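Since each chain comes alone in its own frame, lean on the hints to assemble the complex.
Chains as they are written, first to last, in our numbering: chain V, 1 to 275; chain B, 1001 to 1341.
Derived from the structure by calculation, the hints contain no laboratory data.
A few of these clues could be false.
[What the hints assert, rightly or not] Stretch-level coverage of chain V by chain B, calculated; a stretch enters the list once three of its residues show a Cβ under 8 Å from a Cβ in chain B: (1) 194-205; (2) 262-275.
[Claimed, not checked] Taking lysine to aspartate or glutamate and the EDC-like style, the derived pairs with C-alpha atoms no more than 20 Å apart in a straight line are: (3) 1141(B) with 173(V); (4) 1141(B) with 178(V); (5) 1108(B) with 178(V); (6) 1115(B) with 1131(B).
[What the hints assert, rightly or not] So these bits of chain B aren't anywhere near chain V, every CB distance computed over 12 Å: (7) 1064; (8) 1101; (9) 1122; (10) 1133; (11) 1183; (12) 1241.
Computed from a prediction, not measured in an experiment: that's the story for all the values here.
Glycine residues also receive a C-beta, built at the ideal position from the N, C-alpha and C atoms.
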Amino acid sequence: MSEAVTPLTARWRHGRKHSVSTVAMPTGAQLWHRYSLVLAPAFIAGLGLVLWYYYNSLGVGTIAQIQVSSALDWETKLKPQLIQHLTIAAWSTLLVILVAVPLGVLLTRGGPRRIAPAVLAVANSGQALPAYGLLIIFLAAMGQGGRTVVVALVVYAILPVLRNTMVGLDGVDRSMLEAGRGMGMTRMQTLLRIELPLAVPVIVAGIRTAMVLNIGMATLAFLIGGGGLGITISSGLKLNQDAVLLVGAITVALVALTFDWFGALAERFLHPRGL
Amino acid sequence: MAGEPKIRLDHVSKIYQGAEGPAVAELTLDIDPGEILVLVGPSGCGKSTTLRLINRMIEPTSGRIYLDGDDVTDVNPDQLRRRIGYVIQQIGLFPHQTIAENVATVPKMLRWDRKRISTRVDELLELVGLDPRVYRDRYPKELSGGQAQRVGVARALGADPSIMLMDEPFGAIDPITRESLQNEFLRLQEELRKTIVFVTHDIDEAIKMGDRIAILGEQSVVHQADTPERILAYPVDDFVRSFIGAGTAMKGLAFERVGDLDLAPFDEGRNGDGKPVGTITADATLFEALEEMLRTADGKTVVVDESGRPAGVVELSHLSDALRTAQDEARRHYDELGAAS
Ligand SMILES: Nc1ncnc2c1ncn2[C@@H]1O[C@H](COP(=O)(O)OP(=O)(O)OP(=O)(O)O)[C@@H](O)[C@H]1O
Ligand SMILES: [Mg+2]
Chain V
1 MSEAVTPLTA RWRHGRKHSV STVAMPTGAQ LWHRYSLVLA PAFIAGLGLV
51 LWYYYNSLGV GTIAQIQVSS ALDWETKLKP QLIQHLTIAA WSTLLVILVA
101 VPLGVLLTRG GPRRIAPAVL AVANSGQALP AYGLLIIFLA AMGQGGRTVV
151 VALVVYAILP VLRNTMVGLD GVDRSMLEAG RGMGMTRMQT LLRIELPLAV
201 PVIVAGIRTA MVLNIGMATL AFLIGGGGLG ITISSGLKLN QDAVLLVGAI
251 TVALVALTFD WFGALAERFL HPRGL
Chain B
1001 MAGEPKIRLD HVSKIYQGAE GPAVAELTLD IDPGEILVLV GPSGCGKSTT
1051 LRLINRMIEP TSGRIYLDGD DVTDVNPDQL RRRIGYVIQQ IGLFPHQTIA
1101 ENVATVPKML RWDRKRISTR VDELLELVGL DPRVYRDRYP KELSGGQAQR
1151 VGVARALGAD PSIMLMDEPF GAIDPITRES LQNEFLRLQE ELRKTIVFVT
1201 HDIDEAIKMG DRIAILGEQS VVHQADTPER ILAYPVDDFV RSFIGAGTAM
1251 KGLAFERVGD LDLAPFDEGR NGDGKPVGTI TADATLFEAL EEMLRTADGK
1301 TVVVDESGRP AGVVELSHLS DALRTAQDEA RRHYDELGAA S
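Just chain B, same shape as in the assembly (with noise of 0.2 Å):
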């Protein structure tokens, strides 16, 4: 991989006081800048604890952190907390304060002027999709659950963190709401391009958010890290298989669209028999394309263009054949990697 990472845990481990074996023991692992990695795993695994271990909110037991190729691990946790964003599940908004102070909080203590931090409130509103005006001024108990969760997001982006650490930050909302978070969580990271860890215990979010997901087994144990489509092309061992769950392989349908396909051409006489045929667009993905098959009870289903005019079929070969390819990489990956170490 290019450049160095932009996180880095160097052997860490975390004992509890008082706790019979350790909580994370000699996780390494590197975080690329921009991208999202998603921490995924049982509860009780540890990614809260190797969130918290990032920005210093517990001490390490034993190992070094790098941040930008810096050691970490023994400069002041105030000042490193003010650089790194943090998103906990709670949310934990200040009820005392405005919208307006709670997303000032990082900038107030950087002693930004006035005039600066009000700007930067506004700004930060806007980006989470909140009007200033409507909200600055509201305390967070007249927010509903998904707009306090925005509020916590812009708050940990006060002060322009290239790096931002989200524990579980969709998580006690209704699954309407998680998925437009989620949506547009993602257009704002396509603009923000920060380096963010994201804690989440559900397979689908993890596939969903992350750029790569460490799927972590007891004591923050990495049983394999990779991107969404290697992971579930490929689950290297029983436990990930098992934590991925039924229909990995659909999932894995999700990652191909149906444009980049080498479709079929559409056959007048043979496809046009008259029985319903269900069309998708080009930029569907092959999960959409079988769903349609599935749909209409059909082995294929008609792509058209803009003007609904057919421009080729796709079929279920093509989707074994996707689904074949991407293991095939998967696994010349791994025997790669294999045979390097």
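In isolation and in its complexed conformation, chain V is listed as follows (with noise of 0.2 Å):
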């Protein structure tokens, strides 16, 4: 975990490296990332919009378009199915923070600092399997259903925020624990002061990266009944319907696109100031 420390070091310099020359030119990174939040929502509008033209355009609800009526009636299939996909996405996602979070607390600290390792191995196999391959062990353990759907997403997506709430917390000075012990914070305290709010930059990418997996991975979730956006492209798939397949593909991206820039904001707006 040489490599723990790279994120939030880089982090400080750049802090610095700002604050003595205010005036210096942003590089096309900064330029990047400073677009990027008015960006992402500019293009996710304009992809919803194409997507509302589109599906205006293929006249669902008429007789003459049975089959792709059906397939993308919003009552019945397009709202239910998002709404199924959101709900398994924000479960997994929430639960994975629930665990993988205080775990990886836990595994940065004195005696289980030594299965470390080991933890993160299993972490590793979880995400290293085919996703396909992962829901089908979880439906034969568990049998069909959005809970199934749930617990094989939190084994999928708990290796990012496992890892970089580790990273995070062992990328924090020692000097800065060694001045808060000094000073008579109890480990709680130190915890809770200083590890967790400067590591918060780089667990909440990590959380970021689950959620845009678990989004992406709730896609598989009918394949066990467990709903989701997923019917609508394979109802495309199988009526060879290519607009049926479009919606949905589209769909799933822009929700995909609109967490992740959540994601950014949430980065953007939880980072601690002075960093």
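This is the structure in structure tokens:
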């Protein structure tokens, strides 16, 4: 975990550079970083508009397009699928956070630290397995349904949050802990007031990754009866209707992009001031 | 020595896990109230370890530690540390907190009310020479190294601890800033009268800052613990001699002032022979007098009063006499110690 230090120290160095020369020209990467928060929603809105016009041009609801109409009906198909999709992604992401962050904290403390490599290896295998295979394994173990999907997704997406929590915590300069402990902070106080706040940017980045993974993976939920927008995509394939396929795929993409943008916002606003 | 020591280390040893020998072996040391004791020694000799034993950042393997006469070897270390200021070399300001929040760390843990904390923060920032209106709401990255160092000291003074542990607090700063920080800190100490254990590996800093200096060898073995004057006048062994290095005698001259000498009379005929003569005032140190003699390539220098009138003459023999007196005093002191034990 020697790379652990890089992201945070790089950020600090970056910050310090800023304060010294406030008029320095922003580099390409910084410019991109600055505008991506604005460009992304513009792009998302554009894509949404395209989808909207495309959807309306399909003549959903008319007799002529009976197959397309029934596959793409908003009230009975798309809307419930979207809700299922988001529910699965939300639950799995929430559970990933609830499991991985405390686990990451635990695995960077004294004794348990020794088993950290083993735990990381297990978490790694969760992601290394083909997603499809993972779903099947959990199907066999837990049966059909949304609950099975959520559990499988938690296993699948735990690694980025776990690893980033550990990397973020390990990246906190030892001297800060020495100072904190030296002033009489308890271990819990140094964790809550120093380590976690300083690790937040890295942890949030991991959560953002996990969330986007989960939104993508929820597309496979229909395979084991979990519903979601995967149903529309698969009907498009089965019916050989490109329109249905496209609407399903673009909707998933829109959801993923939108939530990725929320993640970017969270990263920006949860970034501790002063760093 | 009168009264009981503020800090007493009684045969304290520390063996780090997996280490072959002890990092600190059987260290016994008394630190008096209100004094600055400087721990100085080569790198790796155990100075930081000794400091961290005092506030129980690390637990002693054996031995006892007393503060104000109370055995604190087994008290709750977190509670203990809130009573002891601790300044580390890397400063360790919390980058995500403002200067005010940093300085308020200990008072906040002690649950002082908001008003009191705020007043205290301003007071402390003033104390270390930072204008609260300017610096309160800044973040550590917006400070220079010297300013950060000051904030580190202010933070350690948070709840007005009577003991300060300072681990190379002025280590990573340029010489000029360091010098001014040292001076300000000494001025501050005049007011505060804290009991300070100060670690450095720079003998000149030790001489400047210390009321007493403990010269440590491997495993924190105390080779000599005494006033800077005595250590310079009378190094007890080769280790101390080589550690304080060249120019020992000259450094010793910095402790005496020209005004305390029995000056030779100023004689217009003998001293006013037209050659450029160096002049100094009575509050100059003997070291400065020597420098003046060397500068003017003259064996003497004239002492003048405030209005610039000659008041007397310092001669080279004054300096050698002063050194000899200091050496005799120190030797007598150690002879008495030797006889007593
Ligand atoms: N946490 C630790 N675990 C094991 N050994 C340690 C630890 N900390 C210090 N040591 C060892 O103990 C000895 C004393 O270290 P210490 O840090 O006290 O030296 P120091 O006098 O402060 O040196 P410096 O002037 O370089 O700061 C060294 O040999 C060091 O390698
Ligand atoms: Mg040290």
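Can we confirm that no CB of chain V comes within 12 Å of the CB of residue 1064(B)? Holds: least Cβ distance 21 Å, greater than 12 Å.
Given as non-interface: residue 1241(B), which should sit over 12 Å from chain V by C-beta: Holds, because the least Cβ-Cβ distance between residue 1241(B) and chain V comes to about 34 Å, which exceeds 12 Å.
Holds or violated: are the alpha carbons of residue 1141(B) and residue 173(V) at most 20 Å from each other? holds (14 Å)
Three or more residues of the segment 194-205 of chain V near chain B by CB distance under 8 Å? holds (count 3)
Is the Cβ of residue 1101(B) farther than 12 Å from every Cβ of chain V? It is violated; residue 1101(B) is separated from chain V by about 9 Å at its closest Cβ, not greater than 12 Å.
Could you let me know if the closest chain V CB is still more than 12 Å away from the CB of residue 1133(B)? Consistent with the label, residue 1133(B) stays out of reach of chain V, its closest Cβ about 19 Å off (over 12 Å).
Given hint residue 178(V) paired with residue 1141(B) - CA-CA distance at most 20 Å: Since the Cα atoms of residue 1141(B) and residue 178(V) sit roughly 19 Å apart, the hinted pair holds (cutoff 20 Å).
Per the stated criterion, does the least C-beta distance between residue 1122(B) and chain V lie above 12 Å, as a non-interface residue requires? Given that every Cβ of chain V is farther than 12 Å from that of residue 1122(B), nearest at about 19 Å, it holds.
Claimed coverage, the segment 262-275 of chain V by chain B - three or more beta carbons nearer than 8 Å: holds (count 4)
For the pair supplied as a hint, residue 1115(B) and residue 1131(B), is the alpha-carbon distance within the 20 Å limit? Since the Cα atoms of residue 1115(B) and residue 1131(B) sit roughly 18 Å apart, the hinted pair holds (cutoff 20 Å).
If you draw a straight line from the CA of residue 1108(B) to the CA of residue 178(V), is it 20 Å or shorter? Holds, at roughly 18 Å.
If I take the minimum Cβ distance from residue 1183(B) to any residue of chain V, is it greater than 12 Å? holds (25 Å)
Going down the numbered hints, you'll see the structure goes against just number 8.
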